[in-house]
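Undergrad: Sequence:
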Amino acid sequence: GCLAIVMSPRDIMTNDLPFPSLIDWDAISLFSHSLEFLGTRTRGVARLAKQLERTVGPQADVHYKRRTGAMRKRALEAFHRHMSYFRNPEGVVSSMLFEAWILLQAKGVLEGPYVEALGAEKF
Numbered sequence: 251g252c253l254a255i256v257m258s259p260r261d262i263m264t265n266d267l268p269f270p271s272l273i274d275w276d277a278i279s280l281f282s283h284s285l286e287f288l289g290t291r292t293r294g295v296a297r298l299a300k301q302l303e304r305t306v307g308p309q310a311d312v313h314y315k316r317r318t319g320a321m322r323k324r325a326l327e328a329f330h331r332h333m334s335y336f337r338n339p340e341g342v343v344s345s346m347l348f349e350a351w352i353l354l355q356a357k358g359v360l361e362g363p364y365v366e367a368l369g370a371e372k373f
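Under my numbering, think of the first position of the sequence shown as 251, with each following residue one higher.
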């Protein structure tokens with residue numbers, strides 16, 4: 251499986267990634283500054299590349315390999331459960347409807363249990 255690298259700070263992307271109520275993106279992806287931001291730093295892109303090589307490259311430490319291996323496994327499971335149109339179209343539709351239901355609660359259109367649990371300020 252692959253490991254997503256989100257090139258945007260976590261706090262900005264939290265609700266912009268697919269199915270934020272259903273997928274723990276911190277558990278299946280790595281977050282970095284944007285390329286625009288890295289470009290303004292001395293050797294920013296080179297530093298990111300070096301860090302990625304140490305973390306997910308072929309010579310990565312055993313600790314990182316275990317951790318990223320577990321992240322890849324969870325990512326593949328999340329993909330098959332929520333995003334695979336061919337293997338699980340019902341899962342995709344159910345996930346989309348669930349997120350719509352959450353959003354409608356957050357906007358005050360519907361009442362439901364998830365707004366209080368997730369916190370309306372998240373949306």
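To be clear, the hints were calculated from the coordinates, so they are not data collected in a lab. Keep in mind that the hints are not guaranteed to be accurate.
Below 35 Å or equal to it, Euclidean Cα-Cα: the simulated DSBU-like pairs (lysine-lysine) are [said to hold, decoys possible]:
{"id": "1", "residue 1": "LYS323", "residue 2": "LYS300"}
{"id": "2", "residue 1": "LYS357", "residue 2": "LYS323"}
{"id": "3", "residue 1": "LYS315", "residue 2": "LYS300"}
Pair by pair, the computed Cβ-Cβ distance ranges are [stated by the list, open to error]:
{"id": "4", "residue 1": "LEU267", "residue 2": "VAL343", "range": "34 to 40 Å"}
{"id": "5", "residue 1": "THR318", "residue 2": "THR290", "range": "23 to 29 Å"}
{"id": "6", "residue 1": "GLU340", "residue 2": "LEU267", "range": "37 to 43 Å"}
{"id": "7", "residue 1": "PHE348", "residue 2": "ARG322", "range": "42 to 48 Å"}
{"id": "8", "residue 1": "PRO308", "residue 2": "VAL256", "range": "20 to 26 Å"}
Just so it is clear, CB atoms sit at the ideal spot from N, CA and C, and this is done for glycine as well.
Undergrad: Now tell me if each hint is right for this structure.
TA: These are the hints, each one checked on the structure:
{"no.": "1", "hint": "LYS323 x LYS300", "verdict": "24 Å, holds"}
{"no.": "2", "hint": "LYS357 x LYS323", "verdict": "34 Å, holds"}
{"no.": "3", "hint": "LYS315 x LYS300", "verdict": "16 Å, holds"}
{"no.": "4", "hint": "LEU267 x VAL343: 34 to 40 Å", "verdict": "19 Å, violated"}
{"no.": "5", "hint": "THR318 x THR290: 23 to 29 Å", "verdict": "28 Å, holds"}
{"no.": "6", "hint": "GLU340 x LEU267: 37 to 43 Å", "verdict": "21 Å, violated"}
{"no.": "7", "hint": "PHE348 x ARG322: 42 to 48 Å", "verdict": "24 Å, violated"}
{"no.": "8", "hint": "PRO308 x VAL256: 20 to 26 Å", "verdict": "22 Å, holds"}
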